[in-house]
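The numbering of the sequence shown is our numbering, which starts it at 198 and goes up by one.
It should be emphasised that the hints constitute simulated quantities derived from the structure, not laboratory data.
From a predicted model like this one, the values you see are computed outputs, not experimental measurements.
One or more of the hints may lead you astray.
Simulated restraints, written as ranges between beta carbons of each label pair [as the list claims (entries may be wrong)]:
id, residue 1, residue 2, range
1, Ala494, Gly317, 33 to 41 Å
2, Ala315, Ile449, 23 to 31 Å
3, Ala453, Leu312, 17 to 25 Å
4, Ser267, Ala420, 47 to 55 Å
5, Leu361, Asn418, 38 to 46 Å
6, Ala315, Pro343, 39 to 47 Å
7, Gly330, Leu443, 34 to 42 Å
8, Ser399, Phe334, 25 to 33 Å
9, Leu474, Ala420, 21 to 29 Å
10, Glu378, Gly488, 23 to 31 Å
11, Trp257, Ser382, 37 to 45 Å
Cβ coordinates follow ideal geometry from the N, Cα and C atoms, glycine included.
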Amino acid sequence: MSATPFSRHIAALILATLACSFAGNHIAARIAFDHDTGLLMAMLCRSGGTLLVLAALVLWQRDSLRLSRSTWGWQLVLGLLIAVQSFCIYSAVARIPVGLALLVVNLSPILLALLTWALGGAAPTGRAAMIMGLILFGLVLVLDVPARLSGEAQLDARWVEGVLFSLTAAGVFAVALWITEHRLSVMPGRVRSMLTMAVVFSASALAGASGALPGGLGLPNAAAGWIALACLVLLYGTAFSMLFILMPRLDIARNAPVMNMEPVAGMLLGWLVLGQLLGPLQVLGGLIVVGGIVLLAYRR
């Protein structure tokens, strides 16, 4: 009875709530960064809190940690990729509007499809290629490329850095998804995610201890920063954990596209909480990007 699927509208509501929680985590991260919280400190807190919850789930379910040598190797690579992805997306939201960063990162399904094709998988169909083209057109609007090329919008270094960090996060995440699907698919999701968070936590701690990123382990300089850091851990850890706890009842294969509302939630929360405004064409482009990604997900 515990595995009886939720009705579709209940499952969609739960997934939409989780997507908003993931978006809220990035809003909290931006507030924390604005109060001098170190990027590596945010990664440590987020991965550490989530690791504790996932470890408890793994112990509760008595999942085995016996893995082959090659599986351990791929798991290590996956963890390092997610560490890089986390670093890049936090670097992006520290520089550009949160909604914009999340929209660019959500290009990962396109990059995954192209990567799968390049590595011998099925080529995208003509319809899928048209949808990808539509998504890229939406991205051009999101990035306000016409205005920037015409000189109407300022092209500053932080904007360029933020977009490049977002694109890198999308590419790295696509590789991580490919490894998950083709090299680690037989592992229980809880175990794979727990070990991934363990690698992210360890990599963040080592990077902080080495001093590779000056100020990376900086603490908030005000109460608002501490509250934002706590919200970051709570929102991400709760959403991530609930996703795994409720996954058997959510019919993920059918309802996963609902999670693509995260960048839309990021745009709305960025406006309401941070006062980050996107132009009308950028909003239209964002809706095109999200709509295209949902179409790709439903086709698959």
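To see whether the hints hold, each was checked on the structure:
| no. | hint | in the structure |
| --- | --- | --- |
| 1 | Ala494 - Gly317: 33 to 41 Å | 22 Å, violated |
| 2 | Ala315 - Ile449: 23 to 31 Å | 26 Å, holds |
| 3 | Ala453 - Leu312: 17 to 25 Å | 19 Å, holds |
| 4 | Ser267 - Ala420: 47 to 55 Å | 48 Å, holds |
| 5 | Leu361 - Asn418: 38 to 46 Å | 28 Å, violated |
| 6 | Ala315 - Pro343: 39 to 47 Å | 31 Å, violated |
| 7 | Gly330 - Leu443: 34 to 42 Å | 35 Å, holds |
| 8 | Ser399 - Phe334: 25 to 33 Å | 41 Å, violated |
| 9 | Leu474 - Ala420: 21 to 29 Å | 27 Å, holds |
| 10 | Glu378 - Gly488: 23 to 31 Å | 24 Å, holds |
| 11 | Trp257 - Ser382: 37 to 45 Å | 23 Å, violated |
Taken one by one, the earlier hints fail for this structure at numbers 1, 5, 6, 8, 11, listed in ascending order.
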